[in-house]
Amino acid sequence: MGVQGGRPPAMNIVVLVKQVPDTATERKLNPADNTLDRASSDGVINELDEYAIEEALLLKEKHGGEVTILSAGPDQATDSIRKALSMGADKAIHLNDEALHGSDSLQTAYALAQALRTTEFDVVVLGSESTDARTGVVGAALAEYLGLPQLTLANKVDIDGGTIRIQRQTDDGYDVVEAQLPAVVSVVEKINEPRYPSFKLIMAAKKKPVTKLDAAGAEIDPAKVGLANATTETVDFAAAPPRAAGTVVKDEGTGGVQIADFLASKKFV
Amino acid sequence: MGDQHKPAAPDARDFLAVDTSLDAEEGSIRDTVRDFATRELLPHVADWFEAGTIPDPRGLAKAFGDLGVFGMHLEGYGCAGTSAVAYGLACRELEAVDSGLRSFVSVQGSLAMTAIHRYGSEEQKREWLPRMAAGEAIGCFGLTEPDSGSDPGSMRTRARRDGSDWILDGTKMWITNGSVADVAVVWATTEEGIRGFLVPAGTPGFSANVIHRKLSLRASITSELVLDGVRLPESARLPGAAGLGAPLSCLNEARYGIVWGVAGAARACYEAALEYAGTRVQFGRPIAAFQLTQRKIADMVVDVNSAALTALQIGRLKDAGACHHTQVSYGKFANVAAAQRVAGAARSIHGANGITLEYPVLRHLLNLETVATYEGTEEVHALSLGQAVTGIPAFR
Numbered sequence: 001m002g003v004q005g006g007r008p009p010a011m012n013i014v015v016l017v018k019q020v021p022d023t024a025t026e027r028k029l030n031p032a033d034n035t036l037d038r039a040s041s042d043g044v045i046n047e048l049d050e051y052a053i054e055e056a057l058l059l060k061e062k063h064g065g066e067v068t069i070l071s072a073g074p075d076q077a078t079d080s081i082r083k084a085l086s087m088g089a090d091k092a093i094h095l096n097d098e099a100l101h102g103s104d105s106l107q108t109a110y111a112l113a114q115a116l117r118t119t120e121f122d123v124v125v126l127g128s129e130s131t132d133a134r135t136g137v138v139g140a141a142l143a144e145y146l147g148l149p150q151l152t153l154a155n156k157v158d159i160d161g162g163t164i165r166i167q168r169q170t171d172d173g174y175d176v177v178e179a180q181l182p183a184v185v186s187v188v189e190k191i192n193e194p195r196y197p198s199f200k201l202i203m204a205a206k207k208k209p210v211t212k213l214d215a216a217g218a219e220i221d222p223a224k225v226g227l228a229n230a231t232t233e234t235v236d237f238a239a240a241p242p243r244a245a246g247t248v249v250k251d252e253g254t255g256g257v258q259i260a261d262f263l264a265s266k267k268f269v
Numbered sequence: 001m002g003d004q005h006k007p008a009a010p011d012a013r014d015f016l017a018v019d020t021s022l023d024a025e026e027g028s029i030r031d032t033v034r035d036f037a038t039r040e041l042l043p044h045v046a047d048w049f050e051a052g053t054i055p056d057p058r059g060l061a062k063a064f065g066d067l068g069v070f071g072m073h074l075e076g077y078g079c080a081g082t083s084a085v086a087y088g089l090a091c092r093e094l095e096a097v098d099s100g101l102r103s104f105v106s107v108q109g110s111l112a113m114t115a116i117h118r119y120g121s122e123e124q125k126r127e128w129l130p131r132m133a134a135g136e137a138i139g140c141f142g143l144t145e146p147d148s149g150s151d152p153g154s155m156r157t158r159a160r161r162d163g164s165d166w167i168l169d170g171t172k173m174w175i176t177n178g179s180v181a182d183v184a185v186v187w188a189t190t191e192e193g194i195r196g197f198l199v200p201a202g203t204p205g206f207s208a209n210v211i212h213r214k215l216s217l218r219a220s221i222t223s224e225l226v227l228d229g230v231r232l233p234e235s236a237r238l239p240g241a242a243g244l245g246a247p248l249s250c251l252n253e254a255r256y257g258i259v260w261g262v263a264g265a266a267r268a269c270y271e272a273a274l275e276y277a278g279t280r281v282q283f284g285r286p287i288a289a290f291q292l293t294q295r296k297i298a299d300m301v302v303d304v305n306s307a308a309l310t311a312l313q314i315g316r317l318k319d320a321g322a323c324h325h326t327q328v329s330y331g332k333f334a335n336v337a338a339a340q341r342v343a344g345a346a347r348s349i350h351g352a353n354g355i356t357l358e359y360p361v362l363r364h365l366l367n368l369e370t371v372a373t374y375e376g377t378e379e380v381h382a383l384s385l386g387q388a389v390t391g392i393p394a395f396r
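So the protein lines, in turn, are chains A and B.
If you're matching positions, the first sequence starts at 1 in UniProt numbering and goes up one per residue.
If you're matching positions, the second sequence starts at 1 in UniProt numbering and goes up one per residue.
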C-alpha cells in the first residue's frame, strides 16, 4: 500500500469485545460449575470495550483502514457484536464453541490469539478489564501468546507510521510507552467518550459481514481450553456480606484531617 | 412438565412484555434512544422546563441529528429509513423524558421534513432534507393561526401572485421551533386553494416571536410567525401540495408519533409512582401497601400497557401499509387520555412532592394538556372515530 503525502497506510484495527452481564442487574453464578450464569441477566458490551471501539473508530477516522470486532462468546454475543457494528465497526469475527465454556483468562487469551491468526491486523485494542471477572490480564496474556508488544492502561493513543505511542495512566500521572506495530493496546475510560450508535449504522449493521469461527476453524487445541483444562479454578463462592456499619467521625477540630487520611488510605486522593 | 417450565413473573415495568415482538434493529434503536435520553436529556429537562425554554436548540438538534432521529423513517436524502415502529419507539423513549423533546423531533421529522419529502421538488428536497436530517438546519410548520385551530380551512394567511412571485400575508400561531427555524413550511390560501411554501428565515417581512408564559410544554420553544408582504419565488412553493389534504397528511404523521410518545410519558409517570409508593412510609407501611394506592397502581398498569399495545399495533399496520388515518385518530384519542389518567394518578400518589420538578409527574401532566390539544383535539378525534364507525359525520 502506497503512502501519499506523509499519510500513514490504512490500518487494520481489531477490537476485542466481550459480552458481560449488565452491571445494572443482579448477576449470578451457576452453582453447578461455578461459572457465570449468562441466562440470568441481559448481556451488554463490557463497558471498557466501548471505549476500545471508540478509540479504534477514531484511529480509523484519522488513518483510514478497517475496524474488525472479535468476540468470543455464546450465541447471544451476537447482540453485542451487532451493537459494535452499529457504532461504526466494519466487520466482525464471532468465535463461538461449546468447548470454550468455562475457559479462564489465560485460555481465553490463547483462544483469542488463535482467532487473531485468522485475520490481518496492525493493532489490537481492548478494554483494560471486564466488569464480570475483572482479572485485567487478557490483554497482557494475549500479547505474550502473539509475541507482540503490549501497551496497557492507555488514556491516549497516537500512531505515527509504524510506531505506536500511548500514555499509560498511573496513580501519579502517566508514563509514555512506545512500541512498533503490530501491538496490543488496552484502554481505560479516560481515553475518550464513546459515541452512540446512529440509526443509519444500526440499519446497516445486519448487512456487515460477521465471520463465524469455531475452535477447529481457529486451530484451537481442545485440550488447552474449557472448564476441565482451566489453569485456575473457582473453588467456591458466597454472597457478599451485608454492609458493615460505617465509621463515624466526630469533628472535634480534626474532622477534616481524619476524612482526608481516610480517603488517602483508600487511595481516593 | 415440571416447575422449571413455569413462566417467569411479569416485569412490573413491562407487564405484558410488549417489546418482545421487536426485531433486532427496532430493539437497538429503542436501547440507543433510551440510553441517550437518560444520559443526555433527563438530567437537564427539569431545568429547561423551569427556564421555559431549550437553552441550546442548535446543540440539541445536532445531537438528535447525529443519532439519526430526524425523519428517521423517511427514505433517502440522508434519512435512516427505519420502520415506522422504530420511529414510534424513538418517540416513546423521548417522551418518557418530556413531551417537549418529542415535539422537537415530531415537528422536524413528521411535519417539516415530511412536507418537503412528500410534496417538495427534487431541488427543495436536496436543499433541505440532508441538512435537516443531520440537525444542521431546523424546520418548523405553520398551519394553525390565532383564529384557526380545529378548522384549518378557515385560515386567513393568503398568498397572491405578483408576476412570477408570490406575496404572503398572515399570522401563524403555536409554532414549535418557529423562532429558531432555518426554514418554515407555511400553508396559505390562494385563488387555486391551499398551497404550501418554504420560507427561509431572514426573508424580508418574515418574523417569529417567542410565546412566553406557557404553563405546559415549557421545555420547548413555541412561537408566532408573522408574514408581512413576504415575497417568494415560484420555486419556494411545494409543487406536490394541492389543498388542505397535504398539511393534514403531515399532521397524521405527527399524530402517529404522539400515539407512541404518550405511551412513554405514561410509563415514566407509572414508574415514578411505583417507586414512590414503595418507599414512602405513612402509618408505618409503604403507601403501596394501602388498598386505595394499589387500585390506582392497577389502573395505571392497565393504561400503560394498553397504550403501549395500541401504539405497537398501529405501528405494525403502518409498516404493512395498512394504517388508515382514523386508526391513528383512535390511537391519539385513546393514548392521550390514558396518559392523562396515569399522570394524574401518579401525581396524587406523590402527594405534595408531586407538585415539584424533583419528580416528573406534574411536568408530564401539564405537558399532556398541550398534547391533548395539538395535532387534533380530543373532540376532533372523537368525531373522527364516530364517523369512522357510524358512517355519519357529526361535524358538518
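Keep in mind the hints are simulated off the structure, nothing from the lab.
Quick caveat, the model's predicted, so the values are computed rather than measured.
Heads up, a few of these hints could be off.
Once the Cα atoms are required to be at most 25 Å apart in a straight line, the calculated DSS-like pairs of lysine-lysine come out as [what the hints assert, rightly or not]: (1) B:Lys6 with A:Lys28; (2) A:Lys224 with A:Lys212; (3) A:Lys62 with B:Lys62; (4) A:Lys60 with B:Lys125; (5) A:Lys200 with B:Lys62; (6) A:Lys200 with B:Lys125.
Heads up, incomplete: computed chain A residues facing chain B, CB under 7 Å, no partners named [said to hold, decoys possible]: (7) Ser86; (8) Val188; (9) Lys190; (10) Asn192; (11) Tyr196; (12) Pro197; (13) Phe199; (14) Met203.
By construction, the Cβ of each residue, glycine as well, lies at the ideal position given by its N, Cα and C atoms.
Going down the list of hints, with the structure as the test:
As the CA atoms of Lys6 of chain B and Lys28 of chain A are separated by approximately 20 Å, the hinted pair is consistent with the 25 Å bound. Annotation: proposed proximity of Lys224 of chain A to Lys212 of chain A holds, straight-line Cα distance about 20 Å (limit 25 Å). Distance restraint check for Lys62 of chain A and Lys62 of chain B: the Cα-Cα separation of roughly 22 Å lies within the 25 Å cut-off, and the hinted pair is therefore satisfied. A threshold of 25 Å between alpha carbons decides the hint, and for Lys60 of chain A with Lys125 of chain B the separation of about 32 Å lies outside it, so the pair is violated.
A C-alpha spacing of about 15 Å is found between Lys200 of chain A and Lys62 of chain B, which places the hinted pair at or below 25 Å, so the restraint holds. Pair hint Lys200 of chain A plus Lys125 of chain B holds up; C-alpha atoms about 19 Å apart against a cutoff of 25 Å. Contact between Ser86 of chain A and chain B, as hinted, is supported at the beta carbon level, the nearest pair being about 6 Å apart and thus within 7 Å. A cut of 7 Å between beta carbons decides the hint on Val188 of chain A: the least distance to chain B is about 20 Å, and the hint is violated.
A cut of 7 Å between beta carbons decides the hint on Lys190 of chain A: the least distance to chain B is about 18 Å, and the hint is violated. Residue-level restraint check for Asn192 of chain A is violated (minimum Cβ-Cβ distance to chain B is 15 Å; threshold 7 Å). Given the 7 Å rule on beta carbons, the hint for Tyr196 of chain A holds: about 5 Å separates it from the nearest Cβ of chain B. Here the hint on Pro197 of chain A is kept, as its CB sits about 5 Å from the closest CB of chain B, short of 7 Å.
Hint status for Phe199 of chain A relative to chain B: holds, with the closest Cβ pair at about 3 Å, below 7 Å. Because the closest C-beta pair between Met203 of chain A and chain B is about 6 Å apart, less than 7 Å, the hint holds.
Hints 4, 8, 9 and 10 from the earlier list are contradicted by this structure; the remaining hints agree with it.
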